[in-house]
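Peer 1: Chains as they are written, first to last, in our numbering: chain A, -5 to 282; chain B, 108 to 482; chain C, 5 to 233; chain D, 10 to 397; chain E, 727 to 978.
Because the hints were derived from the structure by calculation, they are not lab data. What you are looking at is a predicted structure, and each value in this text was computed from that prediction instead of being measured. Please note that a few of the clues may not be correct.
With beta-carbon atoms standing in for the labels, derived distance ranges [said to hold, decoys possible]:
1) Gly31/C <-> Ala460/B: 48 to 54 Å
2) Glu371/D <-> Gly52/A: 31 to 37 Å
3) Arg76/A <-> Ala460/B: 26 to 32 Å
4) Ala185/D <-> Val314/B: 47 to 53 Å
5) Arg269/A <-> Arg969/E: 48 to 54 Å
Even for Gly, the Cβ is constructed at its ideal location relative to N, Cα and C.
Chain by chain, the residues run as shown.
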Amino acid sequence: MEAFVNQLPIGISIGAVLLLIALGLTFTFGQMGVINMAHGEFIMAGAYTAYLLQDLTGRMAVIVALPVAFAVAGLMGLILERTAIRHFYGRPLDTLLLTWGVSLVLQQLARDLFGAPNVQVQAPAWLQGGIGTLPYNRLFIFVLALLTVAGVWAYLNRTGQGRRMQAVMQNRGLAAVSGIDTGRVDQRTFFIGSGLAGVAGVALTLIGPVGPTLGTYYIVDAFLVVVAGGLGSLLGAVVAAAGLGLLNSYAEFWSDASLAKVIVFAVIVAFLQVRPQGLFVLRSRALS
Amino acid sequence: MNAVTNLARLRGPGIFAVVAALALVVAPLALEPFRLGLLAKYLCFAIVALGIGLAWGQGGMLTLGQGVFFGLGGYAMGMHLKLVEASSLPSSGSSSGGGPALPDFMVWSGVEELPALWAPFADPVFALAMVVAGPVLIATVLGLLVFRQRVRGAYFAILTQALAAAFVILLVGQQGLTGGTNGLTNFFELFGRDLADDSTQRGLYIVVALVLGVLYLGARQLVNSRFGRLLVAVRDGEDRVRFLGYDPAVVKTIVFAISAGMAGLAGALFVPVVGIISPALLGVVPSLELVVAVAVGGRFALAGAVLGAVVMGYAKTSFSEQFADGWLYLQGALFILVMTLAPKGLVGLAASAREALAARRRPAVPASRTVKEIA
Amino acid sequence: MLSVQGLESGYGRARVLFGISLSVEPGELVCVMGRNGVGKTTLLDTVMGVLPATAGMVAFAGEDVTRLPSHRRVALGMAYVPQGHATFPQLSVLGNLLVTLEACRGPREALEEALETFPRLKPLLKRSAGFLSGGQQQQLAIARALVTRPRLLILDEPTEGIQPSIVIEIEEAIERLHASGMAVLLVEQYLELALRLADRFLILDAGHVVHSGTAADLRQEETRRLLAV
Amino acid sequence: GGEAPANESGAAAGGDDTIKVGILHSLSGTMAISEVTVRDAELLAIEEINKAGGVLGKQLVPVVEDGASDWPTFAEKATKLIRQDKVATTFGGWTSASRKAMLPVFERSKALLWYPVQYEGLESSPYIFYTGATTNQQIIPGLDYLKEQGKKKLFLVGSDYVFPRTANKIIKAYAAANGMEILGEEYTPLGHTEYGTLTNKVVQAKPDAVFNTLNGDSNVAFFKQLKSAGVTAEEMPVLSVSVAEEEVTGIGVDNIAGHPVAWNYYQTTDTPANKKFVEAFKARYGAAKVTSDPMEAGYNAVYLWAEAVKKAGTVEVEAVRKAAGGIALERPEGLVTIDGENQHMYKTARIGIIQPDGLIKEVWNSGEPIKPDPYLKGYPWASGLAAG
Amino acid sequence: MSPIIEVRGLSVVFDGFRALDGVDLTVERGELRFLIGPNGAGKTTLIDVVTGLTRPASGEVLLAGRSLTGLREHQIVRLGVGRTFQTSVVFEELTVLENLDLAAAFRRPLLSLARRRRGVSETVAEALETTGLAGLADRPAGVLSHGQRQWLEIGMLLAQRPEVLLLDEPVAGMSRAERERTGELLTSVARDRTVIVVEHDMEFLRRYASQVTVLHEGRVLAEGSVEEVRGDPRVQEVYIGRRKDDAVSAGS
Ligand SMILES: Nc1ncnc2c1ncn2[C@@H]1O[C@H](COP(=O)(O)OP(=O)(O)OP(=O)(O)O)[C@@H](O)[C@H]1O
Ligand SMILES: Nc1ncnc2c1ncn2[C@@H]1O[C@H](COP(=O)(O)OP(=O)(O)OP(=O)(O)O)[C@@H](O)[C@H]1O
Ligand SMILES: [Mg+2]
Ligand SMILES: [Mg+2]
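Here chain A stands alone, though its shape is the one from the complex (with noise of 0.2 Å):
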């Protein structure tokens, strides 16, 4: 029993980082259809851009560098979106591989600016320590992570650039002659999706290590979420984050970490022979 109230903060602060790691997904998944796997390195260069203005402000890095982040690494995906990524939309499949090809580029870029080995980032003095098996810094991850879900509902369903983003993704060619400008619409959902995966980066770098293959290590986990989720559901994606995280923490404490993934995998591909679509779906009745 107390293993399983111990057990329960570290399954949601888990589910706290695959969320914010799948919520710029949301995005550039979601709404796109571009499967991003270069989502990993923008989450890499949020780290890289903690690190970097730790030299500027100390300690307080992690929370300067989380607007900083989101626009450098908005920009790096908004030059993807630009000069790659524009000519694909509708092939999803194919902006799998074309961003993969991105991904590798990017990780050796990275190696080759800041060197193989790790980086260190320093954790502001504050979020030491923590209540029970519950850290202070996985608790910020937890509140960061709920205000960027709030923020992106928001956005979503509540402005009319939110509308514009599903207009678009829903009928491009609709959306072109209802007025809609979709190439800025498309720069702008690149822009925000690729900027979440900055802030997640910088989340990170209180929990993981800060190198050049920091983002190969979430980019599956991050998929799993809104696979299981539902494509395009922010419902979804908060549910499922929840869900794996709470059966990884498990799992793991059950049996063991190598255990718990293949646990998880299979887990998800039951739970896809109850939802194939994902929890939340959004279905019309057209034929595909």
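Since chain A is already given, all that's left is putting chains B, C, D and E with the ligands on it; use the hints.
Peer 2: Chains B, C, D and E with the ligands in isolation, oriented as in the chain A frame:
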């Protein structure tokens, strides 16, 4: 006009014959053993690529977990070779001896008795059967589960990727059973022939090339058949296909299983050629690399898949010999360029170049004369 | 209002339109007719910038718009209802209308007006457009175009799949809009409807304008024959 | 990379005035981080030897290949070095898996490999020289140290692969023989970065010390998350055997300072040879660079081979093997002697504590070089480990 | 002998909205039945249920006395029920001929599909002829115009040779001449098979329909001959409507 079409029709088999002659006769004579071994390795990958071309290019199933099936085939073969080696050699140095012969890694992993899973692999027939049957079985089960529930497109891709990740973790975790990260290595003989021998290696190469050729012809036949059209239809409109009276899940599962079987076979050939099978070969990255190779070659043509695998394999070897540090840049850049500038890959590029040439030539020559010239 | 000169376009290397010229004066309703596959949709798509013109010119309100992207043309006052019930399937009916309204920064009243034209959409406002019936989607599609309060309304077979009583309503709505001074470019297969509405018409065949004239001409046997072939 | 413009055949065996040697490490992929530094050290040694007149009057020409963190590639490149480049010997490898992949290639071609990293033992190939520590020169001394410190309850944490699993078997046998208790044994997949649950398990078990065989990036996540769970080095030291100077910066000195590590060499090791080595290394590659145990072992390998060649008077493999036994050199880590029987080195074990400046300070050593014992035949409590 | 199609008490509910509400419908063999009704009345939904695309909340559909409940789409097709879609869907990368050929081939055993197609089967040739697409046989279906696609769909349906044909607004977007061709085609098909057509074109209805069922808000509002139905004031009210000037009624 007739002459033109006849010639065009001849071109396919013609190219095939030339390539076959090059691969089967010229290469074994011209290449030194080390290079021939490399070529054999690329051809193994080409077999996997052929399966990917079938499943993805024709069937729209982007499978990012082909390494799993490659691995199943490879391990089946590796287990057999290991057992042969263990029983033929008096266990060297380390082991205390006595009892049934154990593969070396089991000895240092503290396994005392041959696991039940291993025992039947001592039989070469069983091992060879499992090379194909294992992957096909798993692909069929997974395919039916997943396709019947209409999981497709990106979902399927991500799922297979996760499968590859989970499979590797499982393999690594069962060290006593699988050799862990090290995998299986240190093989001495294949069906009684010394693996280190150059002539064995040359024979292996010929076998690989023949298998690839036969599978290629088979796959082509499939693609050009009604089933191939059906497959394209499933790719482009799975839901509509149901209303034509076909079950898309069955169609997809069949093709997925075929591609898995090919990967398994390739894995089995790979083991004696390269001399090792390890989880590093089966994970997310190697699986993706093969898909990339298919895309580079041209996924919509089976020949493209094969070409892509060989070209990328060769590029990897030679680039990494020249400038190791830059290989990732090169691979990434090459890939971005191909995807943006030539989404149909090298084969597509060649086709459109030919078309462009023809288009430029056409206005200059009156139609009636073209026919005569060729005839 | 709209002036098209020597317009050519097509798909890849297959040319579909061969030097089409037409004009729509302010307040005029021009009807384009022709058999299946002659290039009517291609013509409208090219006028709206969905397809690029390979030759020729499109001018709207005295401005050369040949190279403008679609959304800029909308901003100038052109609205388009594409063929075949196009909507944003996962947005609600209201969302479909709102997104267009916001994109062209129109006043809220424009939305109310559009709903007045199609009162049957009112109870459906919250439903996802993708779940609507074919006819409901088509009504939504037209309403969506009206929200922009266009100066030129371009419609591709707007009555396709719509129940007779609403066809009448649509016809009356087009008539009203026309009467209020809106220019309309209409593709329509129903001869009777075209007859009642059009000031002028043109008949396409194989990417060429083969006939054009006033509504009165349309009643002539010869033109009828052209359409029947 | 550098294939020398030498003619194809038989340059290595002499004939002209150069000798080709192979260098085979991962220059790309996940292992590049570690292996590149070893390559650098080996190249430095070659340069130094060349400057001093070479070997047998011939200059050494390195042929560098990339193993790409991929085991079959190691086998492939090893084949290339031997068959195509005809190198006299090869220095290379880091992971056990890469060594296992190369082993049959070298054994069958009767060519030489010098392997520079501490490893799990239970191996002794006649065509490999092992210049890193085997288990009785690193793990057992580590345990001796913990025992001396009065640590009785241990928790074992490792990455899921051969070295940690073998190491932990030895640790368990040692613990059983020495009245120590193992409270838990956990493995995580390579590259794992989520240590919330594991930290929780460790904290709940309340061990006296943790024996850490995690690899690479996992160490970063583990130490960060351990730190934020409030674990301090005073109350629960974590003894690592795969964390060297290179890794400390990435983990963050904050997170790891005060924890012990077990190696045979530190940048701070106080020998005249080391002063020279560190200076030369920094001069060659930059003052910010640190030196570490595997680098030093790679550096040594080149010198030890050169010495054996000098003694044999030829680069011919069997002659070199025969000549190698008993060679003893003063190296940065102290006196290193080649054990002719199992081709491992006599090495001094050293325990260090990570300092706030990121360097490691030695706090304990074995006093004299320990005889290598890859099968732990000299340890009665370990009998049955090797045999299974 | 039981009627070929029998729908009993069929209800469909979407998120609380009743798209069909207790529909009963009986169609005899050899009938050409028209299904009309306002937009959103549930006509397409009814076809969706019969063909297995939508699961009903209650009620059932019988095909020649056999319940179709729980069968998957392709199984129902194999029992002899074919349909077209309101928005035509064809396989854009396959040629017109291949589209038709696939539609015709589903009864062959799976293994025989692995052989290459040789020549053009009679069924397919006939379908090509009937739909007037013979000239486009080797073009990919993706290049077809709206109306041409509509024809291809009809052709694929014919090539399937089903017992029961369900057509959802087959003549929408067709020119007058083509409507006539379609009408005659359907009449001839209905001689030995059963055809159910959803249509809004009253002119078309008047010329080719005998039996008409009117759906309204998910229920059957009226059933009978064209004249009866057109005369029904309720039908006029909800469906046909009247012009302001009252001079001409729609579609005539
Ligand atoms: N995407 C495309 N690619 C190639 N050719 C096309 C494409 N779309 C249409 N076509 C061809 O262009 C011609 C004109 O098509 P268009 O859609 O403009 O016809 P339409 O007059 O609108 O016909 P309908 O009345 O059936 O809607 C047709 O012959 C068609 O085959
Ligand atoms: N999945 C769904 N979710 C919610 N409502 C739905 C769904 N599918 C259909 N509807 C609603 O059910 C009603 C019936 O739709 P249906 O498509 O059957 O009408 P129809 O008679 O074919 O109309 P039309 O002639 O316009 O095509 C419509 O009001 C539609 O909005
Ligand atoms: Mg059209
Ligand atoms: Mg309908």
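Peer 1: Compare the structure with each hint and give your call.
Peer 2: Structure-based check of all given hints:
1. Gly31/C <-> Ala460/B: 48 to 54 Å: holds, 53 Å
2. Glu371/D <-> Gly52/A: 31 to 37 Å: Given about 32 Å between the Cβ atoms, the range holds.
3. Arg76/A <-> Ala460/B: 26 to 32 Å: holds, 28 Å
4. Ala185/D <-> Val314/B: 47 to 53 Å: holds, 51 Å
5. Arg269/A <-> Arg969/E: 48 to 54 Å: 51 Å Cβ-Cβ, so the 48 to 54 Å window holds.
The structure meets every hint from the earlier list without exception.
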